[in-house]
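These protein sequences, in sequence, are chains C and B. If you read the first sequence in the numbering used here, its first letter stands for residue 1, the second for the next number, and so on. If you read the second sequence in the numbering used here, its first letter stands for residue 225, the second for the next number, and so on.
A portion of the hints provided could be inaccurate.
Far from chain C, by Cβ distances over 10 Å, these chain B residues were calculated [unchecked claim]:
id, residue
1, G310
2, P313
3, L352
4, L374
5, D408
6, D419
7, T435
8, D450
Sample of chain C residues lacking proximity to chain B, with all beta carbon distances greater than 10 Å (derived) [as the list claims (entries may be wrong)]:
id, residue
9, L19
10, F43
11, Y58
12, A81
13, G104
14, V110
15, S112
16, R123
17, W126
18, V128
19, R174
20, M187
21, G201
22, M205
Restraint ranges, calculated between C-beta atoms of paired labels, are given here [as the list claims (entries may be wrong)]:
id, chain 1, residue 1, chain 2, residue 2, range
23, C, R123, B, Q447, 31 to 37 Å
24, C, A46, B, T279, 27 to 33 Å
25, B, S446, C, P108, 36 to 42 Å
26, B, S446, C, R202, 52 to 58 Å
27, C, P108, B, T488, 44 to 50 Å
28, C, D107, B, G486, 32 to 38 Å
29, B, K333, C, R123, 16 to 22 Å
30, B, R355, C, S150, 37 to 43 Å
31, B, D286, C, V198, 32 to 38 Å
32, C, V198, B, R252, 51 to 57 Å
33, B, M225, C, V196, 54 to 60 Å
34, B, T279, C, R120, 23 to 29 Å
Just so you know, these hints were derived from the structure itself, not from any lab. By construction, the Cβ of each residue, glycine as well, lies at the ideal position given by its N, Cα and C atoms.
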Amino acid sequence: MTWVSNNLDLIVSLTVAHLRQSALPIILGLLLALPLGWLAFRFRRARGPILVSSGLLYTVPSLALFAILPPLLGISFLSIANLIIALTIYAVAIMVRSVADALGSIDPDVRSAAVAMGYRPWRSFWSVELPLAGPVILAGLRVAAVSTISLATVGVLIGAENLGYLFTNGLQRRIVPEVLAGVVAVMVIALVIDLVLVIAGRMLMPWAPRRPDRKSKAERAMAS
Amino acid sequence: MIEFESVTKRYANGPDAVHDFSLTIPARKTTVLVGSSGSGKTTLLRMINRMVEPTSGVITIDGEDVRDKEAVKLRRSIGYVMQSAGLIPHHRVIDNIATVPVLNGVPRKQAREAAIALLDVVGLDRTLAQRYPSQLSGGQQQRVGVARGLAADPNILLMDEPFGAVDPIVRAELQREILRLQRDLEKTIVFVTHDIDEAFLLGDQVVILETGARIAQVGSPSQIMDNPANEFVASFIGANNGKRALSTKATESGTVLVDAQGRTQGRLVEEGP
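Isolated chain B, as found in the complex (with noise of 0.2 Å):
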């Protein structure tokens, strides 16, 4: 479990990064912060390693402060995905998986036989090993970008817009592959995302930030929709003219539902599961 408590974080002459955030993020779940860019979302990621220091304010995990612990150490203890990947170019596949690990002094060796396994467990070819990172398509660096996440096998994993720079097959393909890898591995994930559609995919809990981290609505993808708590909310996760918007139309066969451009999207059935 990671706790923030009142946690602010303030740039030389700006505006709050981060205003009095608080948070509970519960373990072996996936937790999504979606928001526009500038809501803070990445800066309250990169607190939890300790990339960023709060200027105000505590973060826990699993009840022990983060600063009680060595940041060099503690990032080693995290998993971290990025956008585009950010592999080390210099590095084969292998050892860019085999970072950590190798970084905490386990024998290259094994470090590798570890990795090998790695690239089955994110759907790699074993015969991308020996490849560097430029050699990779977008989707396939990716992949490696989360097996590098895995390799000290954390218990948290933070994921700052893994599947932003791929385009949308790729991407649709990946997000499978996290639920999948979720539902098998049980991290407790951080996830960050400007796209509502990937945070409702992928969240157990997904909390809607506003500027300065404000949170807008935290709650399952449900409880969001089913209540949108304020007209900002309503508006970015589009309930009332976007895809979202679905009203009722009576065809010969039955009721169907339109989306607000008049496309039909689903047919109604009596029962809900």
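Only chain C is shown next, with the shape it has when bound in the complex (with noise of 0.2 Å):
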């Protein structure tokens, strides 16, 4: 445990490094996977390739990856954007599929009221079913966060500096308590930015069931 308290000026310090590289993969994840999501909920045609295609992505190794992205974008092998676009393309390809099934578990009966009263098309989406696919879609982000966090450790493979970098150098140097340093301190980001994101979802949306069994409406049908 010596080791810890020497090194905490470090283990802060790639703490806060990790949190950067991970947080902009996340947002750029969501940011992307809402149109694509979108596009495989509203088009019959191209929800399967789209779903499809996600998921074999996320298949991918990330070694594989950090491997074919520089070629293909023209980026350096060794950079932090390697890192952040690798993890973007995993983050969407989680989120999709979230996003899809999010649109899709929307009461019909709402959507159609939403004609009904004159929305048109645009607003409805923003005001009604973007807010109504909220807490499925934030499913998928908290699964997309914790995913992130944990991943952007190889990170270190490439040479970016995060938490990644407690494990290379505690293997190399045999120093069990910088490992598990690494692994603590991953997870308690990976469990504080989860709770960040409930949170966030609760205050959000206010109206949501806290627990995802809803009503069906016979139960409310008989408790009017």
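Put the two chains together into one complex, using the hints given.
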């Protein structure tokens, strides 16, 4: 444990760097997954290709992706950009399906009520459909966030300075507390970010059920 | 006044959902379209506000073809109340009611004040204004649905089985409420139901529909009960075997009326109203 107390500065600075490197892919992933998920939901023909290819992307090993991206995009192998883009791809792959499912999970009655009230499609999407899809999208976002934070450690192999450094350095120098410190730090950030997302969700969607067991229509009718 | 002129709706590879349908719906009266599922009654209703476009034929409101108006604007000018209320789950009650005025550009504050007043009209407590729909009972949700339909003060109110998902006691209460509202407001109401009792209770004009929205009979409830047009109508309204098939029975204190099950339903008095 002396290693940890002697190297707190290092752990803190790596943690900050780690957060910075993870946040961007999570946000970019969500922004890209929204239109893709919408396309998959809206157009039946697009659904298969989009969902299958995003599912396949997720199965590409990260090391392979780090090797493929630089020649494709003309970026350096040893660059933060390489890591951020690869992590973004994984985040998109996770969230596209959530977004498509989320939009598909909206009660058709609510959708047709919006039409009957005279919502225009664009406004209906932003003020009715997207908020209602929110809880399911949030569930996907939480998975993507935790997975990105954990996956980011691989970035140390392509020169990114983050908590992954504690693994490689700890292994090479056989300092077990260093490796453990890395594991704990990654878990703590993942849990903290997850908690932040849950709280943000509650604040943005106070109307959403706390657990996804919505009452069925029959139950609602009985309760009247 | 709403007029259907030879309206047909055909979906790909199926029989006509609505076949050559013509009907005049008088202004400021309640017209009830009643039929089993597959009778095209909801399709008819949704053609009035262009949620469904007819394959052929013309629908006019006060002589104007509905297709001459932009669909979105047309919908905002017509109240719509649907089954299981169809409230927007993430909008509070007050904002659900204010939906159409806000879409029409009424300032939100003003629309909310009007919405509060509408809670009174539909018999809901003002304290419910800040709740979300899921925090209300089915009957309360349906009242909010009616208030939302009335919020832009439309001349026409379309009601698609609005009380189909609530229990019988609440349904009876809501039906009384609609009769009361209609006495005060005199809207042109087009009401869809599969419940003939509800149709006879609420309708000034009742339209009985067979498959493909073929009209079996149009008339006031009394006209239909006095003279069912055919066997289909007679059986649909239960004229020969249900609770409307009344026969007389002599008792010591006078003549009573009994239904097909032999239960006494009323007493025969000399002069009708």
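Which numbered hints does this structure break? Failing hints, ascending: 1, 2, 14, 15, 16, 18, 22, 23, 28, 31.
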